[in-house]
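A.B. asks: Protein chains in written order, with my numbering: chain Y, 1 to 117; chain X, 1 to 110.
Derived by calculation from the structure, the hints in this document are not laboratory data. Computed from a predicted model, the values in this text were never measured in an experiment. Note that beta-carbon positions come from the ideal geometry of N, C-alpha and C, so glycine has one too.
Straight-line C-alpha distance at most 30 Å; calculated DSBU-like pairs for lysine-lysine:
(1) X/K42 to Y/K9
(2) X/K97 to X/K68
(3) Y/K36 to X/K63
(4) X/K42 to Y/K41
(5) X/K59 to Y/K40
(6) Y/K40 to X/K68
(7) X/K69 to X/K102
(8) X/K42 to Y/K53
(9) X/K42 to Y/K18
Pairwise CB distance ranges (calculated):
(10) Y/M15 to X/S24: 36 to 42 Å
(11) Y/Q82 to X/E55: 39 to 45 Å
(12) X/E45 to Y/T115: 20 to 26 Å
(13) X/G29 to Y/K40: 27 to 33 Å
(14) Y/H79 to X/T26: 37 to 43 Å
(15) Y/T16 to X/K57: 45 to 51 Å
(16) Y/P69 to X/L109: 44 to 50 Å
(17) Y/N57 to X/G29: 19 to 25 Å
If you want a taste of the chain X side facing chain Y, the calculated C-beta under 10 Å gives, among others:
(18) G32
(19) G41
(20) A89
(21) I99
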Amino acid sequence: DTEVTQTPKHLVMGMTNKKSLKCEQHMGHRAMYWYKQKAKKPPELMFVYSYEKLSINESVPSRFSPECPNSSLLNLHLHALQPEDSALYLCASSQAPPSGGVTDTQYFGPGTRLTVL
Amino acid sequence: EDQVTQSPEALRLQEGESSSLNCSYTVSGLRGLFWYRQDPGKGPEFLFTLYSAGEEKEKERLKATLTKKESFLHITAPKPEDSATYLCAVQAGRDDKIIFGKGTRLHILP
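Model the full structure from these sequences, guided by the hints.
C.D. replies: Put into structure tokens, the structure is as follows:
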């Protein structure tokens with residue numbers, strides 16, 4: 001089973017709202033990722049969690065706040081977003097985090113389509 | 001600077017017309033190359049991981065190959081359901097960063 005689940009599938013929020021995106025995997029993977037994808041563009045890495053610790057933050061604005069409560073769950077808390085933040089937000093996981101020359105395949109969830117009004 | 005370039009940007013084929021998609025890369029210290037398929041509004045679906053030049057992998061009508069500078073995704077006798085965007089990604093460098101290409105949008109006409 002290589003399934004990563006994400007909720008909600010769609011989210012519409014105003015610029016003053018606070019909302020959260022959720023991601024879950026039960027493959028025993030120890031690395032989890034958040035990506036942002038605009039239409040007709042490749043995914044852009046936002047955050048990487050390695051063994052439940054934040055290991056990479058790609059200079060993402062503080063209105064995006066990731067959280068990894070345990071090895072299976074990953075959240076992305078959203079606050080005071082801008083219309084340009086509207087995008088498909090993808091979660092991915094891999095068995096091991098990228099390090100020390102080890103390659104590991106990332107498995108993606110279906111994404112959350114976010115619209116900021 | 002590490003780069004991944006996919007070509008063509010878009011490709012239209014008749015059903016049954018075989019072709020190849022290209023992913024060329026200029027990176028230091030390739031760790032692995034990944035191919036994904038992505039349908040509109042959905043997450044990328046993993047297809048293949050290739051680790052070293054000369055490696056080949058197959059799945060149904062798809063075959064991925066890797067050289068020292070590029071990878072090809074060969075599609076044999078495609079069907080309309082093969083229509084999707086195909087993404088190539090490379091893991092490389094001291095920090096093992098993953099770099100995505102911009103994708104090839106493939107459209108198979110019945």
